[in-house]
Each structure stands twice: as C-alpha cells, then as structure tokens.
Amino acid sequence: MVERTPFLNFFTHLILFIGFVFCIAPFVVVVIAASHNLKDVNDVPMSLLPGSDFWVNIKTAWTTADLGPKLLNSFIMAAGVAAGKVIVSALTAFSIVYFRYPGRMLIFWLIFITLMLPLEVRIVPTYAVVANVLEPYQAILDLTGISWLIEKISGVQVQLSLGLLNSYSGLILPLVATATGTFLYRQFFLTVPDELTEAARMDGAGALRFFIDILLPLSRNNMAALGTIMFLWAWNQYLWPLLITTDQSHAMAVTELKQLIPNVGGIPEWHIAMAGTLIVMLPPLFVVVLMQRWFVRGLIATEK
Amino acid sequence: MEKRVTFGKWTIGILFAVPQLLLIFTFFYWPAGQAVYWSLTLQQPWGGGNIWVGLDNFRSILSNADYWSSITASLVFAGISTGLAMFIALVLAALTDRQLAGSRLYRVVLIWPYGIAAPALAMAFRFILAPEAGFMAMVNRVWPGIWDPGLDGADAMASIIVAFSWKYVGYNFIFFLAAFQAIPRSLIEAAAMDGSGVIRRFWDIQFPLITPTIFFLLVINITESFQDSFGIVDIMTAGGPANATNLMVYKIYSDGFKGLDYSGAAAQSIILMLLIIVLTIFQFRFIERRVHYR
Chain A
1 MVERTPFLNF FTHLILFIGF VFCIAPFVVV VIAASHNLKD VNDVPMSLLP
51 GSDFWVNIKT AWTTADLGPK LLNSFIMAAG VAAGKVIVSA LTAFSIVYFR
101 YPGRMLIFWL IFITLMLPLE VRIVPTYAVV ANVLEPYQAI LDLTGISWLI
151 EKISGVQVQL SLGLLNSYSG LILPLVATAT GTFLYRQFFL TVPDELTEAA
201 RMDGAGALRF FIDILLPLSR NNMAALGTIM FLWAWNQYLW PLLITTDQSH
251 AMAVTELKQL IPNVGGIPEW HIAMAGTLIV MLPPLFVVVL MQRWFVRGLI
301 ATEK
Chain B
1 MEKRVTFGKW TIGILFAVPQ LLLIFTFFYW PAGQAVYWSL TLQQPWGGGN
51 IWVGLDNFRS ILSNADYWSS ITASLVFAGI STGLAMFIAL VLAALTDRQL
101 AGSRLYRVVL IWPYGIAAPA LAMAFRFILA PEAGFMAMVN RVWPGIWDPG
151 LDGADAMASI IVAFSWKYVG YNFIFFLAAF QAIPRSLIEA AAMDGSGVIR
201 RFWDIQFPLI TPTIFFLLVI NITESFQDSF GIVDIMTAGG PANATNLMVY
251 KIYSDGFKGL DYSGAAAQSI ILMLLIIVLT IFQFRFIERR VHYR
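Protein chains in written order, with the working numbering: chain A, 1 to 304; chain B, 1 to 294.
For reference, chain B alone in the conformation it holds in the complex:
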C-alpha cells in the first residue's frame, strides 16, 4: 500500500529514518555479522586474533550429543507449551465471547498473567510445584517420591511447560477474544435463525473466521517459546536435572558466558536463527494455506 500524497524533500525524509538505522546497524546487523564471523573462526587462547576454521565449530557442535538433546528439549517444550497455551486460551475466549453473566470479570482477569515477568512467575511456580513445601508436597505425601523436578527430568520439563503456558494463555486470550468480537453479530444471529446450534456455529462460522489469528499466534508462540523461556529455565531448573531442561537459548548463554566459548555459542546462535527461520517459513508455507483471510 502506498500513499498518494507525499512530501517532496526526500533528504529530510531520510533524516527521519537515520536514528533507527543507526540503532539497528549498531545493535542488530553488526552483531549478527559478528556472530557469523565468530562461528567460522576460533579465538586463540593467548590472544593474537581469531583463526579461520571454516565449519569446524558447527561440526563439533552437531556431533555433540548434549546439543541434540538440547534441540529435542526445545522442540518438545515449544510443541507442548504452544499447544496447551493456545488450546486453553481458545476455549476460554470462545466461552467468554458468549457473553453470559460475569463475562466482563473473566475478560479483565484472564489477561493478568501476560503482565507478569517470566522470572517472577517462575519463582511462584517453583514454590507451588516444589516437592517439599508447596502443593505438590501433598501429592508426594500420598504417593511418596512421585514428583521431584530436582531429580526427574520429565517433572522438570513439565514444570517449565506449566509456567510458560500459564503466562501465554493470558497473552493468547487477548488476541482470541478480540478476534471473536470482530466477527459481526448479525452473521451468528443469521446462522442461529437458520437453526444451527452453538457448536455448529463455532465450527462453521467462528473458527474459519479466526484462522488468521490462530496462525499469527502459532508463529508468535513458537518463536517466544525459544526466547521467553530463558527466565523460567534460569529460575526454576537452571537447565537441570542432567540437562533435561537445557533449552537452546539457555545453552547459548551458559556456553558463551559461563564456558567462555564465544565461537561455539556463536555457532549455536546461527543454528538457532536458522531453526527459527525454517520453522517460520514452514508455517507460512504449509499451515497458512488453511487460513482464510477475509
């Protein structure tokens, strides 16, 4: 889309864009280029610049079993938490949209989780799910040893999935509700006149009309599950036990800043970037086909 009427002096126009261009050059393009450079070189232990090693960094990472388990953990985390957060939010938004008594209260409260910082909610859930003190302690009292995120990898993964999904149910809810409310009432009323029930109306009218929102949220949720999970992992599990929750961003951080392996971390960053791009392209290519844009 283009403006018909514009201003003539384009030198001034460019000046308006300069601050942002400087910022993204300094803090985005330069570092991104730097990451590519580091991933292809190796820093010498006693200084003296980097030496060119080609794809060796990638080879050593990709032959590392820890790295593959980190990728698997990230994908499992992304898949389950996105599915949970979107499904629950969709159901809650569809029901709130029926506008029965009290729906205004739900509309206000259900978006609260979105405002909470990931580390703060991670702290809350760490307590709630703690095996010795919180509510899971009651479960442990009945079946001793059934729940311990500190020892059992699956339990730890479940904990971070619950914490992340809780926040993103709130986020998705906002979008789903807005999408439902954008559907003209007359459309639904006409369908009701024709004798279709609530469920039928949902599948034949509302659901197809909100597919753009579903698609948008799918892309956002998956991308966020790679980034926003850092605070949750750092507070709740610190990547453990036995690397069961060592998600990719967390591994980049611990290898780069704790292990001081810049080249390895840079190569991991590049792989993560590629993975996010591939996932996004995949979603656009195969899932967007089923989306109905109005």
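One chain only, chain A, in its complex shape:
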C-alpha cells in the first residue's frame, strides 16, 4: 500500500491462495464425491471431475436419513433458540442497565457465571432436569416444608412433574439459558446516550415505552447479529439433541448424519454420506453468506 514490495506481494498472494485452497477444498471434495457413483467414489485416486449421479445421491441420502422432517426440526429449534435469546437477553440487559435495585450486581454476576460452564460440561444433570423440569421446584417445596403444609391442610399430595424429553421446549429452553446475548445487549445499551433517556422521560415515557419505542429500534443491528449467531450455534448443536431426542419424530438433521456413516465391511457408500453432509451443511452456510456483514459486526461487538 505505501511502498513497492514485489517479493512480499508475491508471497502474500501465494500464502493467501494456499489458505484459500485449503479452506475451499473440503467443500469441493464433498460436492464432487456426492456426484459419483459407488465405484467411482472408492477409486484411488478419486476422479476430481464431477460424476453424473449428483441428484440420485441427494435423493438417496434424503430418504435414507429421512432428512425432510429432520431439517424442519432443526429449523424450528434453531429459530426458537435465536428468537428466545434475542427477546430474553434484551429484557434482562434492560433490567440491569436501566434500573437501580438491591441485588442488581448479584443478578449480573449470576448471569455472568453461566458463560464459564457450557452445556456440554453439565449434560448429565441438565438431562435429569429436562426429564422433569418442575423437579427443582418440587425439591424446594419439600425442603421448605411447604408441600408438607399443603398436604396437611388440603390433603393433596404435591407431585409436580412435567417431562420435556422429546419436545421442542426441552430442546430449546436449556440452550437459551446462557449469558452471551445479555452481554451483547449490555455493552450496547451502555453506549446509548443518556440524553435520549432524559428526553424520553421528559416527554412522559415510562420504562416500558422507552424500551419498546426507543431502545429496541436502536438495537436492530445487535438483534440481527445475535439472531444470526445464535441460529448458527443452535443449528450446529449436536450433543444436546442427541440426548434429548430419543424419538425419531424430534430428531435433528445434524444428529441424523450419523446414520449415514458407511459401515465397516462391504464397499463404503461415501457418495451417499457426502450427499447427506452437503444437505446438512448448506443451510448454515447460506445464512453465513447472507448475513456476513451483520454477523461480523456482532462478533466484534461481543469482544469488547
């Protein structure tokens, strides 16, 4: 840019090009392998010219792993997590930034700590909670003696039970229960000028009105970024859906991929596996390409 550096420019181009090739190669290999037939895909070396069976393989993979309803499930779950995060985090961030109340810092730290321990680390007990979400509340009632009291007075035994295994809420709610979004909003709300709040209050707007009419429209960028990031994150979840959806009707596209791993013994059907992989990887890739600008901006904002 400032000076002439022909050698360095040559190396820059060379290294970037190599990086580009390594980055794009797996996508290319998947597409090409998905277009071969059983014999060609197992050729050594595999031909890099696309074969002619692309649509046949896509169709086989689609029916073998029953991807139609699975993609819909993935979509519902990812959209649910994204929407839940965007809404719940906005509410919480508004509460801890715009109000002063006793225990505000405690709430802040309670939420912050959830960043440290991701779902994967505490899967076993979380699974138990989802099997009966009211269990914590039952335990509290038992420990405090309230359930004993109720039984004495009304003769009704308190047995709270609500299982969420194999349900969308069981899939979505635990994934919403983390702090990432809250922080994104908090950092943004702190940059909103105080004059705006003053003006709104002078015009007689209460907290709710200010939130809906001024703060939310201002955070449109953040909402788009957060929504995109969370959609990708939820779509790509693997361990949690694997545990929660034992029932085929709620299985996710990503977990169904496992059905397509070629068996050991026999000629491996890599062409079908790659076709399935392609179908599963396309929707998030499409979102990345479409939302690139927003989501890069959003990621930068989380870093502050």
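Don't take every hint at face value.
As the list claims (entries may be wrong) - Stretches of chain B that chain A covers, calculated by requiring three or more beta carbons in the stretch to come under 8 Å of a beta carbon on chain A:
| # | region |
| --- | --- |
| 1 | 71 to 84 |
| 2 | 109 to 122 |
| 3 | 227 to 238 |
| 4 | 271 to 281 |
Hints in this document: simulated from the structure, not taken from any laboratory.
Cβ atoms here follow ideal geometry from the backbone N, Cα and C, with glycine treated the same way.
Chain B: place on chain A using the hints.
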C-alpha cells in the same frame, strides 16, 4: 460503567430480569448443584436414594489410568489445535489486511468454515482422511499402511485436530481481521514514512495492538476445544482406537449415558469444570500481563 439516568420503579425492573433468572436457575444452577451432589453420593442399584460416599467417586476416577489418558488426550488436543488454528488464522488475516488485489474474495471465503456444523465437517474429513477411499488412500498406496486412523491412535488424533482446526481457522480469522482493520491506517503510514518495512511494522505496531484479540481468542479456543470437539470425535473416531481420542466430554457422555454411571460422570464433570476454570484463571493471571489494552 453505570448509567446516569435510570428509571425509578425498580419493581418493574426486576420483572424484566425474571424470565432469564428462571431459566438459568432451572437449567444452570440447579443442574450444577445436582452435579456436585451426585459426585459426592452413589446411587443404589435397586433404588432407595443415594448414599453419601464423600470423595470416593473422585478417588476412584483419579486412580483410573483411562481417565488420566483422557485428560492427556484432551490437553494435547487443546494445545495443538488451538496453536494451529490461531497461527494460521493470524497469518492469513495479516496478509488479507494488506489489501492487495483479491483480498475481498479471501475475506468472504475464509470465514465459511465457521458456519459448518462440527459433525458435518467431521463427516467430510472422515472421507477425505479415510485410509481406503479418500485422498490419504493415495499416500497409503505409495507407503502402504502409513496412515490408518482406525488403528493408529496418533493418526486418529491428527484427524480430529485437522478437522477442528479447519473450522476454528475460519472463526479466528473473523476476529483477527476485524482487529487488524481497527488499527488506524495513519499509524501504519507514519511508520512507513519513517522507513520501517512491512515485517517491522507488523512486530512493532500491529502485533502489540492486537494482543487483546489474541488473548481473547486463546481463552475461547481452549474452552471450545473441550466442548465443540464432541461432534467431531463422535463422528470421526468414537473415542478410539484404544481410547486414543477419548476426550473428556466424550468420556463423560459415554460413562454417563452408555455406562449409566451418573455419579462417576458427575464427578468427571466437576473435574472438567475445575480444569476449565483453572486454565482460564491461569491465562488471565500469566498471559494477560503481556496484553496491551488501549
């Protein structure tokens, strides 16, 4: 940082926080507490509640050689894949930031891997690195038997490291590029006027200015290598061969849900939590000192 202007009715304020508080209580604090409880008790085989066993669960895990090899495997995986993913992304981002012709194309394409689900890319790499069909088959044809992730533990470890690093090069690239672009051009131009070359400018200006990003990514990459690796391990190696890639989260899953040993799995979860916390504190304590915040 605090707001100067706030709203008076704080009861309404608390109401806004209630949904999230309920969620994190039910799905975070309760399970975390439960994990501690389980790790200190043992479930009786025929029901009848848990009996208190103190630290016995921890003792039996820590005296198990399999568990130590799982910790070693996790640390090796975390170290190598974080190093690879960060170094490659740093080089690519620094070069893209030079804004030669075509840099816009790189900027778009190099972040694609970030969008791919770990199991999907694991499937792709399982094919690419398969000893019998993919591209490593050519290598095997020249030197028979040199590559077989199904039999050789080191090969299997290399496979999952490659797959994980590939995804996180894309992730790190986004952050590094953003950090480079946040450096004022005038600073670099002034240095160039003073006669410092590209390399010199990198080490004396750009690198010190992006150390906060490097630190941030270091923490994130290491933490993610413990979690996001699950899908890759499950699809590519299933922990094998001979437990060579049985990373900690995968072991928790297989002991807890396949072996139905909740107490053991809970104790392992606690150890993993402690390990992540210790690693994070260590990084803040010793590495953050070298970070220059503006």
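Now the hints, each set against the structure:
Three residues within the 8 Å Cβ limit are the bar, and the region 71 to 84 of chain B against chain A gives 0, so the coverage statement is violated. Only residues whose C-beta sits within less than 8 Å of a C-beta in chain A count toward coverage, and the region 109 to 122 of chain B has 13 of them, enough to reach three; the restraint holds. For the region 227 to 238 of chain B, the assignment as covered by chain A holds, since 5 residues bring a beta-carbon within under 8 Å of that chain's beta-carbons and 3 suffice. Counting residues of the region 271 to 281 of chain B whose C-beta sits closer than 8 Å to any C-beta of chain A gives 5, which meets the bar of three, so the coverage hint holds.
Hint check: a violation occurs at hint 1 only; the rest are consistent with the structure.
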